Amino acid sequence: MTKTISRRKPKGKIIISILIVAFISTFLVSVSLGKYDVSLKELLHVLTYKVVNLPQDWSNQIEAVVFQIRLPRVFAAMLVGAGLSAAGATFQGVFRNPIVSANILGVSAGAGFGAALGILLTFSYMWISFSAFIFGAAAVLISYLISRRVKHNPTLGMVLAGIIIGGLFVSATSYIKLVADPNGVLPAITYWLMGSLASIRIQDVLYAAGPILSGLVVLFIFRWKINVITMGEDEARTMGVNTTLLRLLLVAGATLITAACVSISGMIGWVGLVIPHCARMIIGHDYRKMLPASMLMGAIFLMIVDDIARLMSTSEVPLGILVSFIGAPFFLYLIISRRYQS
Amino acid sequence: MNIQIKNLSFAYNEDAVLENVSFSATSGEFLCMLGRNGVGKSTLFRCILGLLKGYSGEILLDGRNVKDMNSREMARSIAYIPQTHTPSFNYSVLCITMMGMTACMGKCASPNIQQEKAARNALKELGILHLADRGYAEISGGERQLVLIARALVQKSKVLIFDEPTANLDYGNQIRVMRHIRALARQGYLVILSTHNPEHARDYGNRVLVLKDGRIFMIGHPEKVLNVETIEHIYGVELDARQQLSYAHC
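Chains V and F, in that order, are what the protein sequence lines are.
Quick note: our numbering has the first sequence finishing at residue 342, numbered continuously throughout.
Quick note: our numbering has the second sequence finishing at residue 1250, numbered continuously throughout.
Worth flagging that the hints you see were computed from the coordinates, not collected in a lab.
Keep in mind that this is a model prediction, so the values were computed, not measured.
Honestly, I wouldn't trust all of these hints.
What the hints assert, rightly or not - List time: in silico BS3-like cross-link candidates among lysine-lysine, alpha-carbon distance up to 25 Å:
no. : chain 1 : residue 1 : chain 2 : residue 2
1   : V       : K11       : F       : K1117
2   : F       : K1107     : V       : K13
3   : F       : K1053     : V       : K151
4   : F       : K1117     : V       : K13
Take these sequences, add in the hints, and give me the full structure.
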């Protein structure tokens, strides 16, 4: 018996350690990769020089590329990947349904509408983000209020309300595109909805990092209780969990993350669905390990896909499209593969 | 530990489900609740567990009204063992067992080494320690029921409420699970259990409560309550000669 214990326990830790190493390497490689060559050595020098004083042996161009272009973009991919994955995993737990993701509450659709509206009204970038956030949160709030009126099955009520509200926001976005000026605003909206990190600036990243990181902290703190809440309302409550409060906190945290992600990256699907499933396959279903693994894997995945988006061709393929092209076949493979059963 | 239920009534909309239910029970009792489907057993359990609040009457635990207790205090007093089910996620048996300790942890905490050890001890007590690292979805129904019992034991509450624990089990597992539950009552737990099998009440219980139309129809020692006449009356069937014989000595 003790043998199985000692064999199993470090397994989770080893996987997490491997993921952390992979995460750091992906980060460094992603920053050095690009059309302007930055060697790993130069990169490490540029990065450490901010902390300790080093004799400058790199060009100013490299410094500009690293700090103005690469770092914001890689940080954004990292935050959005980790955020969407953790939010997806949390929604799956709270709604006790492994096929749920951020789209289910209409968060993405609401945020997409908010951004489209902002672009239509020629808001500044910051206000477009803010509008995305407001409408994303509004979508959840409306879904939540509707679900409270569905007495017998609040979870089903919330999912259905989310789908309905999401559909409504998608139609509203289509209407905005219909009335938008086809010479300037319409392409901007369309491109933004495809999901991209191409035009990201450091202030956008800093602006979104606050809500994303604070949401991640909330989810991380309550990761054990997510396990308990997946056992169902009655059981969780008889085990001493205040399900109403916990569900509110988790949904609010995951929504905050999703809206903040959508506001800087546009609509990127699949990550919130596929990454938690991969995490479950390699580390098991326990949220204590699955949630951190999802965050790391999501960050790694989106940094890599964004590298491909940047490097594949001279005119960039939007990240959202690329994620779908990779995510959909991969998810299909997952559900027909035998490992999915366990 | 002592539980007292005084004039409990509950209605969904206008329909009365429970009417003036009063009884009390103390540690060491193994109270089996019988009654047809829809007679109010689940509603009664949900009221006792604090899941339904809109009832009239009082539920007292050692003289303290459960309405004055928060969910963590409730969890440390009463544990609920549901029917076995397949959860949405395939947690390990150990993980499911440790969930019972949530009310004893800090509000933001995860289980620590001591708590993991306690969970393993509970699994050992029920003879299923070898399953600790297996997935809950991969074990048999009888084993799952034992895991849920282990989860209730680590909750450290002295009242155990079982909702038809043998409902989905084969004959051997029914006996195994009922014996474990009886052993718990003998250790001093207060067990309240609903069942559709009067033989379980007769063979394992030391007190029987019969609910009919939301009221207590009979309550007392199994040998007094469980006679042919009562059983025919509860379930609305006539027993044949052989079935009658099995309750004749009661």
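To see whether the hints hold, each was checked on the structure:
1. V:K11 to F:K1117: 19 Å, holds
2. F:K1107 to V:K13: Roughly 24 Å separates the two Cα atoms, so the pair holds.
3. F:K1053 to V:K151: Holds, at about 14 Å.
4. F:K1117 to V:K13: Since the Cα atoms of K1117 of chain F and K13 of chain V sit roughly 19 Å apart, the hinted pair holds (cutoff 25 Å).
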